[in-house]
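S.K.: Residues per chain are reported as follows:
There are 2 protein chains.
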Amino acid sequence: MFEAAELGRKISKRDFQDRLSSLRVELLNMQFGLKDADFPVIVVIAGDDRSGTNDALNLMNAWLDARYLLTNAYGPRSDEERERPPFWRYWRALPPKGRIGIFHGSWTWEVILQRFDAAIDELTMLHSINNINSFERCMVDDGAILLKFWLHLPKSIFKQRIREWQKDPEQSWRINQVDEWMFNNYRKSISTIENVLRRTSKGETQWNIVESSDNRYANLRIAETILERVNKRLKENENKPSESSGSSFPSALDNQTTILDKIDLNVSLPKDQYEHSLREWQSKLSRLARAAYEAGRSSVLVFEGWDAAGKGGVIRRLTAAMSAATYRVIRISAPSAEERRHHYLWRFWRYMPRAGNVAIFDRSWYGRVLVERIESFATEREYRRGYSEINHFEEQLWRHGIVLSKFWLHINREEQSRRFEARRNTPYKKHKLSDEDIRNRNRWEDYKRAANDMIERTSTDYAKWHIIPANDKRHARIQVLQIVCSMLEEALEGKDA
Amino acid sequence: MFEAAELGRKISKRDFQDRLSSLRVELLNMQFGLKDADFPVIVVIAGDDRSGTNDALNLMNAWLDARYLLTNAYGPRSDEERERPPFWRYWRALPPKGRIGIFHGSWTWEVILQRFDAAIDELTMLHSINNINSFERCMVDDGAILLKFWLHLPKSIFKQRIREWQKDPEQSWRINQVDEWMFNNYRKSISTIENVLRRTSKGETQWNIVESSDNRYANLRIAETILERVNKRLKENENKPSESSGSSFPSALDNQTTILDKIDLNVSLPKDQYEHSLREWQSKLSRLARAAYEAGRSSVLVFEGWDAAGKGGVIRRLTAAMSAATYRVIRISAPSAEERRHHYLWRFWRYMPRAGNVAIFDRSWYGRVLVERIESFATEREYRRGYSEINHFEEQLWRHGIVLSKFWLHINREEQSRRFEARRNTPYKKHKLSDEDIRNRNRWEDYKRAANDMIERTSTDYAKWHIIPANDKRHARIQVLQIVCSMLEEALEGKDA
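So the protein sequences, as listed, match chains A and B.
Residue 1 is where the first sequence starts when you use my numbering, and the numbers rise one by one after that.
Residue 1 is where the second sequence starts when you use my numbering, and the numbers rise one by one after that.
Heads up, some of the hints might be wrong.
As the list makes no split between identical chains, a pair holds if one copy fits it or if it spans any two.
Claimed, not checked - Dumping the calculated SDA-like pairs for lysine to any residue here, alpha-carbon to alpha-carbon at most 20 Å:
(1) Lys167 with Ile332
(2) Lys429 with Asp142
(3) Lys473 with Leu269
(4) Lys97 with Arg341
(5) Lys97 with Ala378
By construction, these hints were calculated from the structure, which means they are not laboratory data.
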């Protein structure tokens, strides 16, 4: 979930200043337009970067018109509050229609904290999460815009910051118990956070994960998102068609690094080494696949990636090591007439493997948030809902004990050109090149952003995305073989059973 | 929850036959119209009346055109099914767009059964319920019509039936383990059922509780509901305004008994006895209220009922026994301009009492599903959502340890006339009679149905409705005093803490 928020996204001071003066005017205009609207705006700012959330809260207060703004920060509960049900403090602070209410930390953060120090067990946590979801659903059903931002610091920066504060007597006051606990239990705390955020992300109540190593980037991202969402709704209410999303985004935020940009595509494997490795790993996979079959442990492997990234080749190297009776490769293209008459997940449920078997998806349910999003086959509501629908779907597979691996095969544009060219010039490969490939190619940037969002929102504890550098086919194939082997091995050892 | 399904509702054989021939034609026409629609219809038929659900399933199969119908009944899981995640069996059976799929028992029933024999703990149950809600939400978000029917037998009839079967060697095969368990653990099983049904009732996924002591009534109710909901959606899709709901309902179903009709309004209390009782109960309430205050136990008392039913008088008899510093009477009328700018529950949250205090609501949040429903101040979607929003709201009060009592003061039309007349003729009461009262009076039947639905959907284990016969004011006052005393007593003894 946090991979896509550890990319070192930055805004230069100059870009920031350039944008700021017009941004502030736009924010004030937005508030003015909102004044008589029939919906409130609820903004939640929380995060593992505590000082970043403070900073953001202060800036939003400075940038927005305080007359139409309510800011709420929460400390320990007062007597007044303890004597009422837990959500009383939040209900009373809700903004009326036409106003923006900013909540610092608040209901979700409270549950995370309680879970940190094990003040509540899993059952109580689940009750609390259901309360949160009912509460937020109430707001959204009633027409509120709900925007939730989670400010995330990459681990190394988080740890480094705490260490620096610890050393500096003038800064050490900044560290509170929570920081300390997270510092000492980093993995556990991130996993708790991920769990709670995922369970409280449902369609319109989705968390926006914002990388906060650079305050300028984080604050701009928050302000622009508020601006965009509110203006969009105001326009819709006037019955004007809203502009295509993103167009109002400034270039400084637009051209940010995606998680795919961070992949080192220069890795490669010499041919002789490849052949040796291939034999080695295929024989290992063959043993493991047989053992999994005998143990009744099923697997679902998902392959997504650019056109011509080599998905077919990777899959063939896997299946070569499996017994034909135990696996099935499912190639997903546009849905059939029958499939279109069902919920988009229906056709994938059909292919869930029997005990011990392997289902390999060459493209998958992720079409919903990739091609369907980009080509507008799915509406914005539909594809946004898709993330939580998919997470819930995969959670069911995981709870059932299915070994689930998801791969994004990554190449760059130049490599794709070379491969398209090769296809064009090789008679027996020519059929693989379609007009669609060419069209998709023109939407490279859109796909990159959609893939980034997908990885951010659906990479979970129980179903991580593996991004495989695939400019070198040999390297990609071996890497996938290794990952599949290690997942099977872990599963058979019962490590994640 | 089940009170309103224990009224002995019946359809005579003749009324049934009268309706049946046209109903069957309408059902087939509906299916024909549905054929090319872009949504599926998912019907769930479950219940504590197992043989009633079988009967309903068979009849729907007979009445509907099998070509456009999929029926699914579920026994123990097969190998095929056990090897996949739990919802696989349901996903594969979903109807495509334009078709009706009927599910017998199915996902919710399965969880209830597991909970009956304690095969799953509360945490697992909560996970399962979350799965159900996500699954159903998926369907509904995708446009499906989801209709869930729970066939309920009143306790006496249920027990009598099982006893008869037990005695009759030719019938005893009918009894299965579940019946037997329910027979021996009736209260516990109904409470489990209520808990699961409530948690899986959310706006569009609301359960329809159908009394099934009379099969003709139950089956007609199911068929008419399907017919009405599908036709309504088909009309909406053609952009025609849908007819006002209920108009298509046949008189036989329309004129059914409501829970209010069952109230014996002839009870009364002679004046001298009343005065004695009043002193006695007020003194008791006074002691209990002081004890509750000292123990920090708060109360919320809700009064709803017909105009002129005597709410004010009852409330004054309560407050006379309380210390003025500890209670507050909140009279709810149309929302203020400020309140209208918030979620409708917001204004009630504001009045939640501090520890040990009492909040008395003269009319309440139930306006959402009464006056707002009837006067169309709330849309159908809004008031339907209201039931689960209110249940969730009250659950939070209950979990916080607040003593919650809800009273419906019931009088009949004649008594209301007399009281209006008296007001008209008594100078100091004249101001109490408004045009609105007269208008409301003309909607007596609408209110009766709305009150019935309200009691059915919001009478929960933790927040029961008390229906108070109030033609005799003295009797009503003493009864309310008694109930409030006994609830406080229980709470202070920690019975429900």
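S.K.: Against each hint, give a clear statement of whether it holds in the structure.
M.R.: These are the hints, each one checked on the structure:
1. Lys167 with Ile332: neither (55 Å within a copy, 59 Å between copies)
2. Lys429 with Asp142: Classified as neither: same-chain Cα gap 55 Å, cross-chain 39 Å, threshold 20 Å.
3. Lys473 with Leu269: within (9 Å within a copy, 91 Å between copies)
4. Lys97 with Arg341: between (39 Å within a copy, 5 Å between copies)
5. Lys97 with Ala378: This pair counts as between: shortest inter-copy Cα distance 17 Å, intra-copy 30 Å.
In the structure shown, a violation is registered for the earlier hints numbered 1, 2, in ascending order.
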